[in-house]
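**Student:** Sequence:
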Amino acid sequence: MNFIQKHIKTPINNLISSNGLIDADYILFILVSILITIGVLFSYSLSAYTVEIYSYNEFHFALRQGVVAILAIFIMWIFSKLNPNFLVGYFGMSLFFIGFILMFLMPFLPASLVTASGGANRWIRLPGFSLSPVEFFKVGFIYFLSWSFYRKVIDKPKTTLVSEFMLLFPYFMIFFLVVVFVAFFQKDLGQVVLLAAVMGVLIVFANRSLKLLLILVLVGLIGFIGLIISAPHRVNRFHSWWAMVQDTFLSIVPASAEKYFRVENLPEPYQVMQSLNAIHNGGFFGKGIGFGEIKMGFLSEVHTDFVLAGITEELGYFGFILVLLIFFAIIYRIFKIAKNVDNKIFYLFSTGIALMLIFSFLINSFGISGLIPIKGIAVPMLSYGGSSLLATSFAIGLVLSISRSAKKESLESKTKEESFE
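Counting in this note's numbering, the sequence shown runs from 863 upward without gaps.
Treat the hints with care, as some may be off.
To be verified - Calculated pairs, BS3-like style, for lysine-lysine (alpha carbon to alpha carbon, straight line, at most 25 Å): (1) Lys1237 - Lys1014; (2) Lys943 - Lys1237; (3) Lys1206 - Lys1014; (4) Lys1014 - Lys1073; (5) Lys1020 - Lys1073; (6) Lys1049 - Lys1237; (7) Lys1206 - Lys1020; (8) Lys943 - Lys1073; (9) Lys1018 - Lys1206; (10) Lys1201 - Lys1018.
No lab work stands behind these hints, which were simulated from the structure alone.
Input sequences plus hints: build the corresponding full structure.
**Tutor:** Rendered as structure tokens:
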């Protein structure tokens, strides 16, 4: 009986304990739930042609995404009731190690257990569901950085760049392993870019110098170029993108140097062309939900990677701006939670999750508009895909749990001020 009390009952009591905690940030919960609901709606609207081609039920994608959406909202609600002091650490570190192990094993799994894309195993097949380990690993990786930065980095005084580099060198080696597993084994350069951006900015939030970040950006660009050169399909994709945007960039380059950077003109990449057409055709108020044209065979992945283009065509710039405002209201709430917690691990983790959401949105939106090469990064809470939505719900759920440990007076006073504005 004492053994059960010590090893089972006590941890569970600690997990559900509310001593010294406040209610979770339910404004954040509502905003995220609204965005998830919009994502389910457009999983139905934008998949009309796909279900016709594959003879699926009309509601095939909407039902699948709807089930995951209900589960995601339930997960966030449950997490919002739990004690962050016992939930965040165990769950965050579990996501890190389990995600890492699964990514390591995926190249060696038989074809019957995995789904391949681009010549690499990216999803693990489960009954009625495919799991993408990298989506969950991202959340775990952010927690690992937050936990380790608190122990080894954040309280160290700023010194020379060399000393700061040596302090962070172990993290660069860990990230190199991430690059190997994600960029080479899974051939998913977009996720590497996303994690690199989050890690780089999080280093600054961990009290490191801005100069170091600038140097890391330069080194990252060199490494990024190396990863592009290492794969012919990336070279072709980059060449096609550069041919499209070179006139804009080369207009600020001296004429004597322009000839060294100019490449032969190529047709505008098909996906970007159709995406831009959809955005243009939507106008200010859009064509109406269900009346978009981009989904009618012009793009095969409108409800996934090009969901923002599909939303803009059907809801117009007005609808896109509304979605954008909800998204950045979510980011604002997360940053406010990070600011109001005393626990530095919680502060770094919440900040990292906000950065992950921001960079995911920017990489996707810049890609579909032709500003950068398309990277295949999902739009959090909007793109069709169970793994992405579940991983995001875990991340937001942990932040909701963390919000319970925020400074009560500060959080309540700010909420009251906002209610009178």
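**Student:** For each hint, tell me whether it holds in the structure or not.
**Tutor:** Hint check:
no.: 1; hint: Lys1237 - Lys1014; in the structure: violated, 33 Å
no.: 2; hint: Lys943 - Lys1237; in the structure: violated, 36 Å
no.: 3; hint: Lys1206 - Lys1014; in the structure: holds, 12 Å
no.: 4; hint: Lys1014 - Lys1073; in the structure: holds, 20 Å
no.: 5; hint: Lys1020 - Lys1073; in the structure: holds, 11 Å
no.: 6; hint: Lys1049 - Lys1237; in the structure: holds, 11 Å
no.: 7; hint: Lys1206 - Lys1020; in the structure: holds, 18 Å
no.: 8; hint: Lys943 - Lys1073; in the structure: violated, 41 Å
no.: 9; hint: Lys1018 - Lys1206; in the structure: holds, 14 Å
no.: 10; hint: Lys1201 - Lys1018; in the structure: holds, 20 Å
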